[in-house]
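There are 2 protein chains.
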Amino acid sequence: MHRVVVVGAGFAGLSAARALIGEQVEVTIVDQRNFHTFQPLLYEVATAGLESGDVAYPIRVIFGKADNVAFRMATVTGIDWEHREVALAGTHPLPFDSIIMASGATAKFFGIPGASDHSFPLYTLTDARRLRDHILRRLEDVDAHPEGAEAQGGLTFVVVGGGPTGVEVAGALAELLDVAVKHDGFRFDRGVGRIVLVDALDRLLTPFRESAADYAARTLTDRGVELRLGHLVKSVTADAVVLDDGTTIATRTVVWAGGVTAEHTVAGEIDVATGVNGRVVVRPDLTVEGHEGVYAVGDAAAVLWGPDDDRVCPQVAQVAIQSGSHAARQILARLDGKDTRPFHYKDKGIMATIGRRAAITQFRSGRVVRGTFGWLAWLALHLVYLVGFRNKIVVFINWSWRYLSWGSGPRIIVSEETAPGLEAAPDDQPDDQPDDEAAAPPG
Amino acid sequence: MHRVVVVGAGFAGLSAARALIGEQVEVTIVDQRNFHTFQPLLYEVATAGLESGDVAYPIRVIFGKADNVAFRMATVTGIDWEHREVALAGTHPLPFDSIIMASGATAKFFGIPGASDHSFPLYTLTDARRLRDHILRRLEDVDAHPEGAEAQGGLTFVVVGGGPTGVEVAGALAELLDVAVKHDGFRFDRGVGRIVLVDALDRLLTPFRESAADYAARTLTDRGVELRLGHLVKSVTADAVVLDDGTTIATRTVVWAGGVTAEHTVAGEIDVATGVNGRVVVRPDLTVEGHEGVYAVGDAAAVLWGPDDDRVCPQVAQVAIQSGSHAARQILARLDGKDTRPFHYKDKGIMATIGRRAAITQFRSGRVVRGTFGWLAWLALHLVYLVGFRNKIVVFINWSWRYLSWGSGPRIIVSEETAPGLEAAPDDQPDDQPDDEAAAPPG
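So the sequences go chain by chain: A and B.
Using our numbering, you'd call the opening residue of the first sequence number 1 and step up by one each time.
Using our numbering, you'd call the opening residue of the second sequence number 1 and step up by one each time.
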């Protein structure tokens, strides 16, 4: 039987493998983790609104009843094109007839000095949990040592990047600080906590209409977030961020929401052509030049878009979902002796949330719904897309509970470093991503 | 105002601090973690039935509205009796007028060679998460490398200790293996998975009546658990357990449910008399000899019991809860100029669960309810005692969901070590507990 290896179990890989359930192919989906991560809600895990398990779903549970889909938990180290095998670290290679590369991306630091060492990206569940533990430790640390905390930025959170992730994190941090002071018995003054959102562009949420961006800016400002738009980050250290106008913001917490790149993923290790941000160059049908039966999808691929296919799709969930299943269908078409078809991204609109009763939904037509209605639409859509019925129920309860009472939420520090050293120094992070040489600004 | 420091936020410390809410005392509760752990359900976290957050509750949320109770996240390093201050690692000491020592216990390894290095205790949330990740990695590893797995004990789980925790873990492991094979698409044969329960005594569940113990033994055997009763563990290595009759059981997973001790806790660091298992010797009113205003409670204390106060209370939740609030009331009585009163443990009965539709509830009268009724009673009681309404709802849903569908459950591996090295070698565990010199048997 025709063997398909799907590399990665994010939105793209999952969508591809699902489209192959019950078909006349033998599928193996490979991921270094045994769960799918619902990335759009990672910021809620990072700000202690949801539990890790609420946004993670075991891959085996999804495919447990699909006889033709197997799962392998392993790290892909390369592809042996000659023997047509996917090389895995520490275990047998996987022979393939077709491959769907859905290996995703990692945070992009633009070569800014110190950024990869001293900031917290937010792309994986591990990232989110590490950031949550760090934020909660900052609160405990400033509660125990209020002296000098304000000057040293002990409770200053700098968010780099004014796209949806940056806006969501900034909004959720504002709510977390409010809750901490009102409900958790922290003794410091709410005013000690600062949230600063930095972006190189002079507006937020670039893909949205300007009215939506203005609404987001106004709402964030109302909720106490300081906006530093039109500023580049020049460097990040363990205790400060320096902007291009020389401003130094004392902080122990830099959240990196400045964009993603495929440069440091396995896509860069296999002999394929890559374009901007290391994304694999694909033909209109998502096949990869120079290799037979190889497709690239999702964040890993430079998927073309627009009436003239002259734009590259944004690295968002909808592109991943649609391109993943498209690649799967082309494999089946080829097996049926049919020609492949070009991929056309269907823009279903975009969404961003700022917090309680404040979100923006922009439809494909350009129409914008915001405020409470936008927020309810955001809640509903995210529940619908969340994998697993149990997860949907639990997240719904968590949200309702939080909305009604504020009184709960998984504000627990689970990582190993218990006191002393409440502080998980950013230096402790594994530095497996070299700084980029490129010096393009985030945003 | 009279300053009370409560050391530890387990059942005993929480119960003590709660009894002091709104009273004319200034309370600080200290714990190295920022959450209370509902220990009776840790085995469910370890076997991927519940999420970490379901059994953890932020301490600050409990006391957030209590103006006279503060929380400090810190590790207690000792007590300065002369200046009457509790020393904390990395932060200011806490002055006190009274102390309630509720510092708990840790796993007891009885000096068995290799036990502390190569087995998984189950006393903290970190223990439970580490064990869960290890078990799930074992499943993935054997799925990827079925060759030789049976002979090497790749899926053999040895549980040491036939008390409630050991019985619960063994029963839950049997269910986890069933689910893995039936629903998660693992390709190995269910028969490759072995669960072996070892205890030095020739029966299970010592505090229960023999009929209850027989029922537990029968039910576990029916569910595929092998019992090795009347056997001492002689040594544990990275890949085997050796029993006193020379039997060597090849295994990569030894769960240590062999009892607890206060010997390696802060109770042993402060200048107080300790008895069996390092538990602080207390007077009938729970005060500690030789110091003014010092109480010891819960697992940390050798609390006396029985009509003649000649027995030491078991290290269970009910003793902790009752002794904690008793100590708090004695502090208030002394402040009111009244005499302290002796503590009397009210035995409310004991419970143990074996799994789905099989649990044992033994009332104080000695009456035993078992099977489905025992199980429903067990479920209800644990929901009632679980801290936090949100946690109750979520655990209820998780349980109902699992019971009705089996299809879900947080079977996700959250720890850092991703593949390769699916195996978190037991050697990687921090070895902060020296082996005991004593050679008493577990059980």
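To be clear, the hints were calculated from the coordinates, so they are not data collected in a lab.
Wrong hints could be hidden among the right ones.
Repeated chains share a single entry, so a pair holds when one copy, or any two copies, can fit it.
[Said to hold, decoys possible] No farther apart than 25 Å at their CA atoms in a straight line, the calculated lysine to aspartate or glutamate pairs in the DMTMM-like style are these:
no., residue 1, residue 2
1, Lys65, Asp97
2, Lys65, Asp189
3, Lys182, Glu23
4, Lys182, Asp67
5, Lys346, Glu26
6, Lys348, Asp97
7, Lys348, Asp271
8, Lys346, Asp80
9, Lys346, Asp202
10, Lys348, Asp189
11, Lys348, Glu210
12, Lys348, Asp214
13, Lys65, Glu175
14, Lys65, Asp133
15, Lys65, Glu147
16, Lys234, Asp202
17, Lys182, Glu26
18, Lys65, Asp178
Output the indices of the hints that this structure fails to meet, ascending. Hint check: 5, 6, 7, 8, 9 and 10 fail, others pass.
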